[in-house]
Every structure is written in C-alpha cells, then in structure tokens.
Amino acid sequence: MNISSSDRLLLVEKVLILKSLTIFRDTPENILADLAPLMQEEEYEKNTLLFKEGDTGDCMFIIRSGEVRIHKGNTILAVLRDKEVFGELSLLDAETRSASATCQTDCILFRIDQEPFYELIESRPEVARGFIKILCQRLRAQNERAVSSNR
Amino acid sequence: MKPNHIWLKIFNVHTHEWDVVKKLFWLQFFQGAGISFFFTAEFTRFLHKYPAEKLPWVMVISSFLLWGAGFVYAKFEHKIPFKKFNLGLTLMMASSILLVILGDNYFTQDWIYYISLSWFYVLYLLNNLEFWGIAAQLFDMRQSKRLFGVISAGDIPAKFIGYTLAYSVVKYTGLNNLLLIGFFCMLCSIPFLLSIARKEEKIFNHDHGHKKVYHAEKKSIRILVNNFFNNKIIFRIALISFLASACILIVTYGFYAKVKEAYHDDESLASFIALYNTGLAVAALITKTVFTGRLTSNLGVRQSLFITPIAMVLLVFTVIFSVSQTSNEMTIFYFFGGIYIAIDVLRAAINAPVLLTVMQPLPTHERLRAHNIVKGIMDPFATLFCGIFLLVLFHIQKEVNLITLCYVLLVLAAFWIIGIIRVNNVYVNMLVKTISSRFFSQEEFILNDAETIQKIKEKIGMGTYPEVLSILQMISTKQNPLSSELLTSFLHHPSEEVRLEAIKLIGSKQVNSLKEELNSMLLEGSPVSVKKEAIKTICRLAESTPVLHAYLHNPDPGLKQAAIIGMLSNHRAATKLTAEIELQQLLRSPIAAEREIALTILEEVKDEYDHPDHELLIESDDPVIRHKAIIAIGKGALDQSLEVLLKQIGKDDKAVFKALQQAGQKAIPHIRKALSGNKFSDTKRQQLISSCGKIGGTNAHELLVHLLKTTPAASSEIIKALYRSKYVAGNEIRPFFEELARAYLKYAVELLHMQKALPTDDFPSQLIYNAVNLELQEIRELLLGLFSFLYDREQIRKVRRGLDANQKESIANAMEIIELTVRKDIGRYFNILYENIPIDRKCDDLKFLNTDIHYQQTSQVLGRILSEQPIFYQDWTKACSMYISKKYGLTVDIRLFDKYLEADNQILQETARYACA
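Just so you know, the protein sequences line up as chains A and B, in that order.
For the first sequence, my numbering gives the first residue as 155, with consecutive numbering after it.
For the second sequence, my numbering gives the first residue as 1122, with consecutive numbering after it.
There's no promise every hint is true.
No more than 20 Å apart at the CA atoms, straight line, and that leaves these computed lysine to aspartate or glutamate pairs for DMTMM-like [as the list claims (entries may be wrong)]:
no., chain 1, residue 1, chain 2, residue 2
1, A, K173, B, D1883
2, B, K1772, A, D209
3, B, K1775, A, E221
4, B, K1867, B, D1966
Think of the hints as simulated: they come from the structure by calculation, not from any bench.
So here's chain B without its partners, still in its complex pose:
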C-alpha cells in the first residue's frame, strides 16, 4: 500500500507510521489466528465432553495459570533484552500448542481437558502482554489514540479467518489438526516481529530502560502490589479492567451454556462456535478499524470509556423487558446472544484500546507495570471471581438462569460506570503530574507555640548568618503576630545584616513595643548602618514630632537623611509635614550634593511618598541628576512626576521604562495617553505595551484589551503583555478571544501552505521556510497565550513546558492536555498544526479552515510576507524575504520594499536599502 493512499486516511495512520503499523497488524493477525484455532479446538472438545456448568472450573484453574504466567512474564521481562524476550515468548507459545497436541493424544483423563482449555486463557494473556508491551513502547499518547484501534484490529481478521477456516475444515481435518494449523500460524508471526525489531532497533535492543527502577525479583510482587494501591490511576484502571473481564466471562458462560443445550455433537458444536465467532470478528473489525480511533479522537478518551458499559446496560434492559413480554426461551437466548456479540465487540474494539490509551501518559516503566497489573493480576482475578461465583450460583439455582445473570450484569455495570468516573477524575491530574513531576508544594509552618519559639531562639543563637537570616525571613512571612521576644533576639545577633533586617521588620510591621530597644541600640555604639536604620524606624514609629528634632537637625547628614526618611513614612501628618519642608529645601538647593541627598531620600520612600518638586529634577539638564530622579519614581509617584517622566523617553529609556513599572497602577493612565498619540515609534510603543503587561492589574488589562481591539499591528506584543500580567478573560470578552484564536489558526494554516509551496532543495527556499517556521512558533506562543486567558492558565503553562521540552512523549501529553482543556473546535486544530506529522497531511486536514490559498512559487510567498498578510511578520522574516528576492533574482513588486527603508529595526532597514539598490 502506497503512502497517501486513501487507506491511510480511513485508518487515520500517518505516512511515516505506516510501515510499523502494518507489521504490528500482521504480527497480531498471525498470533490471533493461532489462538483462534486453539480456542475452537479446545472449547469444542470440552463442551462436547462436559456440560456447560463445568466451565466455571476452567475459569478457576485458568486464574491460577494466569497468575503463574503473569509472574513468570514479569520476572523475565526485566531480565532479558526486549527483542530476545519477545522472540522467546512467541516460540514458547508456539511450542505450548504442540505440547497440547501431544497431551491430547496421549492422555485421556479429565484433567487434560480442563488444563488444555485453561491454557487458551494463558495464550491469550501472553499474546496480549507481548503485543501491547511492544505497542506501548513504540507509540506515544497521541499516536496511541489514533493507532491502537487499527493495530489491535489485527487479531480480528485473524479470528475471522481462523474461525471461518475452523468452520470449513473441521469436518475434514478433525479437531487436533486445527491445533496444528494454530501452531504454524504462531510461527508465521515471527518474521514480522523480527522485522519490527530491525526497524525499531533502538527500542528493541534496550534492556527495558527501567531495569534500575523495577526488579522482578523477590520484591517484585510487593512492588507491584504497592504500585497497585498507591497509584490511583493504575488502581482504578485495574478495577475497570476487572469489571469488564467479569462481565464478558459471565455473558460467555450464559451464552455457551445455552449453546451446549442446542448442539450435541462435536462437529456441529465446533461449526456453531466457529461461525458465531466469525460474525463477531467481522463486527469487531469494522468497529475497531473505522470507529475506535475516530471515536477516541472526537469524543476524547474519557467519554469513550463509557460506551461499553452503557451499551451493555441498554441491552440487558432489553432482555429483561423482553422477558416480561414473552416466555419464549429461544427469544431470550437470541437476545442474550446479542449482548454477547455487542459486549465482546465493544470490549475488544473500544474498551481495551481506550484503557491502554489512558495508561499512555504514565512514564514508560509505570505504563508497563500498569499493563502487567491489569493483565497479569486483575484479569486472572476476574476469572477466579467469576468461576467461583458461577459455581455457587449454579449450586443454588441448579440451572443456568439468564435473567439472574442479567441482574448480575447490571450490578457489575453500575460499578463499572462508577469506576470510569473515578478514572476520569484522576486522568487530567496524571497528565499534569507527568509533565511537572519535578515540582512540590511548600510546607506550612506554625510558629507561635512556645516550644517552636524556644527552638527558633536556640537556632538564632547558634546558627550561621545565612541560616538566621532565612529564619528571620520565614518569620516575617509566616508568623502572625510577630514575637517581640524573637525580634529582640535578632536585634542582639552579632551579624550586622541580621540586625538591619530585624530593624526593617520592626518598622514595616509597626512593632511599637520595641522602640526602647532601638533607642538603646543608638547608645551601644552600633555600626553606622545599624544606627541609621534604627533612626529611620524610630522616626517612623514616633508618636510626637518634637522628640525627633534632635535627629532632624543632627550635624551628620547621613543621620539627618535617615530621620527625614523615617518621618516621611510616619502616619502622623504633622511629622510628615516637618520632613517635607526639610526635603523641599534639599530639592531646591543650588548645591548638587544636597539635591542628590534629596533624591536618595525620595528613592528610599518612593513606594509611599513623592514630592511635588520631584518633577523639576526629572526634567533636569544634568543627566546624572535626571537619572537619579527617574529611578526615584515608585508606587507613591505623583501624576506630575509621571507626566514629565514619559517626556524622557528617548533620553534614558532603560531607566524610564523601569520607573514606569515601579510606579505600577499609577502609570497606566499615562501609558494610555502616550499610546493614544503618534509621538512614539513602533519600538517604543512595544516597550510601553510590555511595561503595561509587567505592571498588570485591572487597569492594565483594560488598556491592553482595548489596544488589542484597536491596533492589530501590535497584537503579538499585547497578547504577550496580557499573558505576563496573568490576565483572565471574563465571560463577556471570551467570544472575542476565541475568535482571535480561530483567526490565528487560520493564519497558521496559510503559513503551512506557504511552506508547502516552497521547494525543499534550494538554499533560499530553505531559508524562508525556516523563517516561516519561526512565525508558526510565534503563532503557537500567541495561541497558548490566548488559551491561558480563556482556560486553566496553569494547565496551559504545563502545555508550554511540554512543548518546549520537545520530547515525543512530552509533546503528546501536552497535546492531550490541550484536548482536555481547550474548546474542541480550537484545541483539535491547534494539535493538528503542531503535531509532528507531514506538512501535506496537516494542510489536507486543515484546508477547510482557509480555502482561499493558492501558493505555487517562492516569489508569491515573498510578496505575501512583504505586504504583511495575513499577519504582521517578524522583522527577520521580512528582511529574509527582501534579501532572497534581491540575491536570487526572485521577482517581487519593488514598491513593497519602500516602507521598510525607514524602519526602526536595523536589519530590516539595511536589507531594504540593499534590496532597493
């Protein structure tokens, strides 16, 4: 089958995956056929010899065999390289069929019948473990969703052919020869296994990678059990698997018990079993190949899990209803047969692949463990449970009563649905955890009990400077109210830094009870820095102004400065006014040094206070004074200071933009005013927008959203600014952002078509291809920004991290979060756009989003970029386009270069001049 063939589309397989999918399909086909022959032969032999009531004994025996097989599998799986292990397993399955043939010929006792039929379950388990083990290693989460339905469908045509052949040939070959055919089928799967191993050498030659994490030795069962109970998702998936298996076992038992009553000789029995299973296989094949992948992609993993139990409930109700309407045994039997078909098909075609998909976000080693737990522990447990339950039921009722079984199925279905809801509850958390497993939450502290305070005091006495400082910081944020006792200990610490921090804390938290302690520090001959800090705090906490005069008129300018700073932060108006008068004198002083002292004071109190004369110094001709005045802008800034601040753009940009951010909310009206005019260049406007984002808050959000609606040229910068400011869109604005996201998706599709039109084999096209790729990455960032406004910001942050990690698994998990978090009609297209699939396929899948695209030549692409359609491209892309058109003589309308001749950006301007020359 050639790539791009219609089959690829029907099966939802990408070209690069086709080879391995095809081989996995055939691998499963031959193994499935072998097992079908085995089942038909052994099941018929058993039912021919014993009544159906004996079937539960087979279940009980097989459960122990399954546990044994699961244990041996787990033990060797981690000791033998992947390739050798799977090859050995296939050979072992084939040779076990041979042994059963020999056993059937040489032994006639009852046990051989029971063991042989029980061995079918073991073969089924081993085939499952091998096949899904390989598939789970080869595909990531998103591939799994698409492909598991198709690749696992391999055993369905196998069953179809197996059962059809069995039906046709059993009359001529006899039952034992069916086993022989089964043996050869099993051998036929080996070349496909080896071929996959050759192609995926890296995966197959490893020693399971997680060998160091999980040892299948003495501790293996304990580890397995611990994992089972400790890992919520594994536990819940295992329970669902248990319930699904139990339901199918009960339905099978009921159905075959009635079949046995209807058919008496082994050939007619074998023919019926084969024919019936053929029908089942066809239905399952169609469901699995055509619907499973699409259902899981469209409905999502979580919803798809409900399909099987809900279908079963509906069918069981139909049977119960039909009983109330008719007493005809055969009608009930046919209905029950319907349940058997539906459940078997849905379980094989939807439930099993979807359950495996749910496990995919788990790390590889946990995924394999989960698979082992589900298949190796829970399925055998279900077999044992059903075996015992059915034996007890038969013992009580003395017959196989289908209606009783219907009620049992309803109870199990109820638990099954509850189990699915519980799996769904932890599924998103698991995805997030997989991406962000390196994060942990901080502990909460309780710091006010006497014992803790005593411990802290001891630590303050003995700890090193950094330790004590971090205790102080911890106390300042966690303890409420602050303990004066502890603060006094900090004030007496030998480290100057600790004492300074403690004094600052006393001032900021207004701990009046320690004022005397501060006064005594001034007399103790403390270092100057400590004295200054103590004066600041004393002046800040003082209740009367006259007592502060001594500090205010201190001959030491440093101490005077400290006093003014403290007084400006004092809550008493009189104290503050006194300090203001002193400050004004300094600000208007003809002596530069005094003006600088005034600015130092303003810088220190900038978040609480500003002086009306500050603006004079912001406009100063002296660049040193001007710079100092600009950096003295803070949250307390007055409007006139901010107004003159914006006039300094172009003179001291770095300081101005920093000052705007420091001014916070107060700067927003001034930024709005600045952006409403045409005074500033694009670069400066971008910086103002960015500052707005850094400031954040409601006013900044309002301004940015307004700008987004009115100035599309700056959309990129605005969205980034909104993202930085942690913006969350309210209900009334959501449609606008969703529409914007759709528009960006549409633009991205056009960019994809541009890439598709570029030849892949020449340098200039490659260069422009890469530039367009950067534009697509930019759109990805913008879309993620928009998603974070609309949906769960934290989840989108994880998505960004997952995509940035650029690992196959992390990308797949990130896209899964997008599917769960973002609106379907947006998230789905986002995933197609950024999934690692061939560009032709992406264009094809998304063509309906933008139908008006016809690119054939590189020059068309360049023209579109230079006319800034459909987006405002980055300067590099435009420079690149002009360079290529000139250098390689690609015809582009030269008038398109004109507007870039005066561009702000150096590279753009230079390239435009070169292109126009």
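Just chain A, same shape as in the assembly:
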C-alpha cells in the first residue's frame, strides 16, 4: 500500500491503515470510514511512557511508525512495531492497564479515545457490531486454543 507521504493523512488513508490491521481485517471499509475521524495522530519521543501498569485505560493505540515496548517493570513482554495495535480492549471498558507501554524509538501513533468511540457506536451501531464480531472471533480462537491445550 502506498500511503501519502505528506504529514497529515487523509481520512481515506487512515481507513486503509485500519484495514491493514489484523483486528480490522474483516471489518468493511465503510464502517472503518466512520472510525477513521477518531484517529488522532500523535508524535512521541523515544522513552516516553505512554501509560503505566495499573493506569485506567481509556484509549487504544495504533503504531504508524516506530517501536513500542510493553513491559512490567524491567521485564519486556513484547516489542510492537508498525501497524500493530495495543490497548484495544480499553475502547470498550475502563479496566486498568495490565502492563506499561514505553516508546522504544521515536514514534508516530494513532490514538482512539473511548468517549468519542462510544458516541460513534451510539449513532452507528454497525461499528459496534463490527467490533463485537472481532472480539467474538478472538474469544472463539482463545477457547479453541484452551480446548486443544487441555487435550
């Protein structure tokens, strides 16, 4: 995919970014088009703490460029790169973060906040339906993994 090189992305391009993410792979573009305006582009310097373990989650992040370290204290759990997503469950509930997230390099992230997302799903229930579908698929996959590991 050839995304515009200008600083500010068009909403169409944001939709294409969303579509390229695993969690939105099966969500139709016309629904993502409603979600795209909620994506706020933010730049962070290396070593910026995005959130720490125990914080109340109220947004999700999509990495446009750079690397983000997910860690518990000094233990690194994962290093996420371009087109990866974290904190997505915080879009739906306000549970505390289970780990901290810090920029490993300079990063450009897209942030989607919970409140406007709630407003969107109120006016466009199909967005909620798409999101619920994704969560159901994940839950099913997790159940299947649990069943096969029990075997």
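Using the hints, position chain B against chain A.
Chain B in isolation, oriented as in the chain A frame:
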C-alpha cells in the same frame, strides 16, 4: 475439457467444480460398468436356467443380503476414516466379483444361481452408498441440485458401454468372462477415488466428523430406527424410496417374465437383455445430464418429485386402455416394455438425484443417516415386500398377468404421490429448522389454580430477590386476573425492589382492593422510595379529590411530586385538573429547581399526559432545562410540544430523535412536515426517516412508502426503516415493490460488470473492487428488506441469518429458502447474484437483465460511481473513487467532484477537496 467450454454450460457445472465432477463421473462410470457386466452375466444365467416366476425368490434372498450389507456398511462407516473406508469398499466389491466367478465354476447347485444374482443387488447398493456418501460430503444443497444429475450420470454411459460390450462379446467370450471384465472395471475406478481423496483431503481424511453423535455399535440399529420414526422428513423420504423401488421391481419382474417366454437360449437372452439395457442407458443419460439439473432448478425440488409417479400413472393407464382396444398379447408386452424403460429412466435420472437433493438441507450426520436408512433399510424392504407379494400373486393367478400388475402399480403410484405431498409439507420447515435450530418456543403457564398460587407464595417467601422479581414479572404478564393474595405477599417481601415493582403493578393494573394495604405501608415506616410509589398509586386510584389534599400539600417536595404524578394519571377529571394547576405553577415558576421538578413530573407521566406549557421549556435558552424538557416527551405529547421539538434539531440531536421515537405515532405528521421541506441536511433527513422506521405503525408505513416513491435518493434508508418497522406490503402496492426489487437486481448486475472490468492485479482497482462489493452487499440487504415486505418475513430473516453465517451449507440453505419463498423471476436472479460462483459466470447468466453495459477501464467505473449511476452509492465508495482518480492519475471529469465539496460527510468532503486541489 477446458473451463468455460460450452460443455460446462450444457451440464450446468461451474469452473471450480469441474475437476471433482469429472472424477466422480469416471468413478461412477467404471463401477457402473463393472456392475452392468455382472448383471448381464448373472441375470442371463439365472433366466436361462429357471422360469421368471422364480425371480421373486431372488428378491427375498437379496433383501436379507441387502440388510446384512447395509448393517456392515453402517458399522464400519463410522469406524474407519472416510478415505480408507471407501477404498476398502471398492476393493471388496471387486474381489466379490472374483469370488462369484470362482463359485460359478466350482458349484453347480441351485443356491449358487440364486446367491450370485442376489449379489448383484448388494453390489448395486454398496456402489450407491459409496458414491452418494462421497457426493453428499463434497457438495452443498445448491450444488447438489445442479450436479447430482450430471455426476450420477456416470453409471449410465457405463451401463451403455457395459451392456453394448456384453451384447457384442457374449457370443465369443461366454458369460463367465463378462464377470472378469466387470472385475477389471471395478479396479479401474480406484485411481479416480484416490485422486478425489487427494484433492478433497480435508473431507476424506476426517473420521466422518459425527463420530461422537452416531455410533454404529449395539445401539446403532435402535438409533437408526428411532431416527427413522422421529424424523418426519427422513421417514417420508424413506417411504417414497420404498414405493419407487417396489414399482421398478414389479415392472422389471413383469417385463422379464415375458422376455423369458420369448427367448430361450442363453446367448439370445443375454443379447436381448444387453441391447434393451443399452437403449435404456442412452435415454437415461440424455435425461440425466441435460434435463435433471435444469428441471430441478426450474421446477424446484418439490415439483420435480412428482414427475416419475405421474409419468408412470399415465403409461399404466395407456396399457389398461390398450387392453380394452386390442387382445394382441405382444402389443401389451411392448407397452409394458415402454413403462419399464420410462420408469427406469425417470427413477435413475430424476427421482433418485432429486430425493438426494431433498436430503441435502439436513445436517451432515443426519443426511448420511437418512441415506443409510433409505438405501440400507427401505430398498431391501421393498425387495422383500415385492418378492413375497409376487410369489403370492403367482400362487393365486398361476401366471404372470401384466394387467394385474398394472393395477398394483396404480395403487402404489397413488401412495407414492401422497408420500411426495407429505415430504413437500415438511421440506420448508426442515430448511428453516436447519438454519434456526438454536431457537425454541416459550412454555405457556397457567397461574390461577390454587395449587400453583400456593407454590408461588412459598417461592416468594423463600426465593432470592432476583427469583421473586422474575416471578412478579411472570405473573404480571401471564396471570389474569391478578391474585390480590399474591400481590399482598409481594408487598410484604423484605426486598425494596420487589415492593416497588408490586406497587407499580397495582397502579398499572388498577387493583383497587389493595388501596388499604398501601395506606398501611405509609404508616409502617417504609423506605422513602416505597412511600413515594405508594402515594403515586394511591393518588392514581383515588375516587375523590379532597382525600388527596394532604399528599398534594405535603411539605416534603418529593412526596408532593409523587402525589401530582399519581393524580395526573387518575381517571377522574377533577383530580387531574387539580394536579394540572399545581403543575402549571411549577412549570412557570421563576425558580429553576421548581421547573426541574415540573419536568421530572412530566417525564414520569410522559406516555399518558402532556402540559400545554411544556413547549415553553423545550424552547428554553438554558440547555439543561431544554434537554430535560426534550426527554420529557412521550406518547402523551401535545402537538405544540412536538412542533417546537423539531425546531431543536441541530441543538440536541440525540435527545430530539429519541424524543420523537418516544412520542410514537403522534410524531409522524410532524416528521412528514419536516421531510416535505428543504430545511434539513441529508444526514438529518436520514435520521428522521430512521426514527420513522423505529416508530412504525400504519402512519409511519404510509409516510415511508410515499417517500420511497418520491425521493429515490433516500431509498436505502427508507427500505431499512420499513424493514425495521416490520412492514408488510398490501396487494395494491406489491407490484411497486416487485418492480423495485427487479430494478435493484438490474443495478447489481451493472455493479458486477464494473467489478469484471477492473484489473485484478493492481491496488487501486482492488480498492474500488472491494468498495463495489460493499455496494453489492448493501443491495443484498435492500433486496432482503423488499422480500420481507412481500413474502414471509420470518423466512427472509432466516435467509439473512444463513447468508450472514457465511458458511457454505448455510448459504446454500438460505438460497433454497429464497427459491421456495420469493417469486421465481426475482429469487432465481438473486441467488445467481449472491452465489459463490465466478464473476464471469454470474455476468454471463444475468446479462439479459441489463444489456446496456460496456465497461472496459477503471476510469469508466469511477466516472459512473461519481455521477451516482445507477444507484446512490455509499460515501466510502465515492470517496474511494475520488482518491484513486487523483492519487493514481486516472482521468475522470473533474466537475463530478464539485458537488461533494460541500458534502455533510467528513470523509467525502475531505477527499473531494484533495481531488480538486
């Protein structure tokens, strides 16, 4: 044969199915040829040695052999993986032919003749079980309808070649060598079986999937029998199969009895049998390959089942009629020969494949069981029945009388037709059940007998709060009249929530007998919430106003508020007026807190009452008061309140649209007025239409239908709103909706052609392809909406669920429901549009619906989309088109972007600006 070859069209096979269809055809061809050689050899040997009257004994013996074979098949089918099982079965059939050759050479006693010929029926059964078992696993319902005719036709050319060869070579080879050829033919089928197994590895390597459901152990026969009697459709299909088999057995017997009288040596007999069967095979081949698929697709499964018995009845009548006209034995014999050919051809070419198609909507494991029951139990039973019947008949008549057999056939045909009608009656239900098997209907309760009331009282005393609350809810909806005794028990429940609900119920159901009980609750030191609810209900039920003054002038504003609420719901005008005066003072009060109390009161009674001064607060400059006033709109709203409510669109949209829905029918004339002007933007208009759909009712329907006729740009939103409001089209409007459905089909065909014109290998085309695909899905939704107005809404809901489940089987079943529910000239094209077949094929099949389409380049497609032809596209599609044209330099008339520069939708407006820059 190359894909897209004319043969594919003649045989109605799709390109991606061709490989497996071809292999199945050859598999059946070689096995069919082997069985034909076996039949010719053994039948000739038998008829040469014994008179035809002995044939019923073969039927009796073969019935037991068939049951045994069916039992063994069922036992091992579920224990051995699919691939090994079918391979083993084929090898077993081949080796059994070898054993018969050996047996024929070493034994000369009578039993070997009987057993050998009976073994033909076993081979025929096993071949059938194997072949249809594989086919049923490979294809879904809709594929079956098209393909079963073609793939099962494989045994017909096999029979043709088998019988022709037998006819030509029997003079030189002798009968035993025919068996040897049969053995080699059977072996030749194995490479095709293995090839299919390799291609369809997933299906062939499974252990039948349903192993946990059905065990062919000790319980298997019981389960099989239970299934047989408990499952209506299986039972009825099995009966039809039984009758069809019985008819063909009787016709065969009568015919060969006369053949035997005419031919005396084994070679001339074999030649006749072979030649006759060759003719049969040719007729069956043509019928099966060319007509079966088309007949079932055009006539539908249910009608196609009637073809064979009705044809048989007509032919039998011809024989009976000819008897009355001529006494020539040979004429009757030839006519009977005609029946034999027709029934055999129709049974093989139409009846058997269609019966299998009828079974396809059953879940896989039930389908295989049904198949086992039909082939493994009913066919042998038919053989036994006919064997015994024919022996008894011969014993009585001392001859083979064709006219008697004709009358027997008529009786059987009558039962056969009745059986088909009964199958048809349960067929649609089966389709629906397959899709919605997770639903069950609620039980009905009887709650007024003393014993039940006592049980409920006990439960109220011991149950937890949620349990008691659900009992209360159940009683409020199911018990009539309400038991005061039970309500008193609820009023004394320790839970505050239960008491509150019980008081509300007393008020809403006007249970005057419990007023004293409520009064005593006020003195008992109940919680404030309970007291307020009790005052509301007392004031609501009161028969005189003065007794309420104490409540109305209570220094506690909460209790006063409760009194006004109750009095406003009182049926007595004087009581209501007193409360209205109090409310007016609050509404016009200069103190904000008092105005808020007034709005709280209005909100509580909004479905029964509204005050003329409410409008003042809806228009208030204070956003808090305004919002509160808006949400206090309900079914009781006055016209002036609704009029000012619509003026608030743009200020507090969420609350306004919710209030419109809450106002229900009363809001419709105001929505109509709002939509008739140009005051609102497209987005707001869409929201008003959607609110109209949520309100529903005759007036909303009338308005929406009127809008559908006058504002095509909003068709999509209007159809969705009508669907949401459970609209059912009356007779006078049906042609309009059918025409609309046809128009959408036509538009969809154009969209398909757009997709076809887009190159598949570049990103921009892929993007626009996906956008057009979303438009096709949108049209699918609209068509289903239109179908639900015109036809059985519940069935269409199942269709939507089936299509949304996006599983091969569920889609096939959904499309079958469409075929049965929707008008043929609409449903058929809908199915082609949304079936999983190559786009070229769809365009080809539907080209006549829209002949004026010539897309060659992506830019043509973009231009068409941006000029909003032939439909009003979604914003995403238009934004995508502008983005692609600008980004990838595809030439589109730039004037087409202009109208989107001021669009409501953010993405559309932004992309238009980008494209124009």
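Hints versus structure:
no.	hint	result
1	K173(A) x D1883(B)	holds (17 Å)
2	K1772(B) x D209(A)	violated (35 Å)
3	K1775(B) x E221(A)	violated (40 Å)
4	K1867(B) x D1966(B)	holds (13 Å)
Hints 2 and 3, counting from the list given before, are not met by this structure.
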